[in-house]
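Given only the sequences and the hints, what does the whole structure look like? Please build it.
Mind the numbering: the sequence shown is residues 1 to 368 in UniProt numbering, read in order.
Derived by calculation from the structure, the hints in this document are not laboratory data.
Honestly, I wouldn't trust all of these hints.
DSS-like mimics (lysine-lysine), calculated; alpha carbons at most 25 Å apart, straight line [as the list claims (entries may be wrong)]: (1) K102 to K311; (2) K129 to K102; (3) K175 to K341.
Since we're looking at a predicted model, the values are computed, not measured.
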Amino acid sequence: MDKLFITFSILLFLTGCAERIEQPSLEDIGMVGSMGFDVAEDDKIRVTISLPLPGQGDNGEIQFTENVTLAHEAIRALSRVSDRDLSVAQLRTVLFSEEFAKEVGLKKITHYLYRNPMVGDTVFIAVVKGKAEDILTKKYKANKSNSEYLNNLLHPRSSTAFHPFTTLHDFTFYKTSETGDPMTPYLEDTIEGLRISKVALFDYDKMIKTLDPEEALIASALHDDRTLADMKLNLEGDEEDSFENQIMLNFVQSKVKITSNGSLEKPFFNIKLQLTANVLEYHGPLQLDQDSDINNLEERINKELKSRAEKTIEGFKEAGVDPVLLGEHLRAHISQDEWTKDKWKEALPKMTYEVDVITEIKNSGTIR
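Right, dumping it as structure tokens:
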């Protein structure tokens, strides 16, 4: 009985002396909306976060910046700088400077965020020209926070369908896949605001080059069946009217069929792209109310798009990357024991291909 009493007394004493850790209230938690990563000195990472200010409405926010060695240090270090405990439960966008994407790579950061149970699957990723810190600390919209502005900008829209809007989940999938390589939007700061000007192309997790909007649109068409953004083409014509052969197309449907010879030694791909489009505007000599001229126009469109597709694929071949998953059509014919991503990378520069484009004009649109 005495032993039981003594034991109980000791436990009661220890409980009373134990340090009480105060749990933060909801008002004391800072919900990080955006994060940015830049290269810092001494092999460190410069992390910038943006979070809303309580009671300041939609456009009230504050930014904090800190240099850290490891990605998982960032939130803890920045919590010490701010007056609140930080949470990434509301994280929506992550920006990487071009320098960071090329020199350091996105592997460690995306791996850390992807494994963090607090981070959702719909976090959007983008590469920025210049410093990510400058983007996050600049005010763009008077009635919107930067986090909301970035989130809206990086969401897919029909007018920017050529952009590979990339979530954390998407990037991780392509980075770890047995065939493909990731792409992300590339942002530039302009007088009018942020603009998705290009597409960043990666080899594994490091950025190697950018694609212009036309190349990115072709890449989208080669990737899978989807709705494409409107496209302007300069069609090849006779010498005297070549400068006037311009057309704006609205794509109703885009289908792609890719087959391969199943050989890693000499990979060959047959790529068939079928497009259904409306003519929004046309400047040229053809009379689009005549079937013969419509057929002529379709042939010219096919020739131009075939040339663009071949140029885009050749760029992937020279860079040794596969953002449109050509390798998947080869891998289907090869056993798992024989296939590795490294083997596909070695075979990719040796690949040959044939591109066939078939365009059907549904509506001839405005003729000028």
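Now the hints, each set against the structure:
For the suggested pair K102 and K311, the alpha carbons sit about 24 Å apart, so the restraint of at most 25 Å is met. A distance of roughly 12 Å separates the Cα atoms of K129 and K102; the hinted pair therefore holds under the 25 Å criterion. For the hint pairing K175 with K341, the CA-to-CA distance comes to about 11 Å; that is within 25 Å, so the pair holds.
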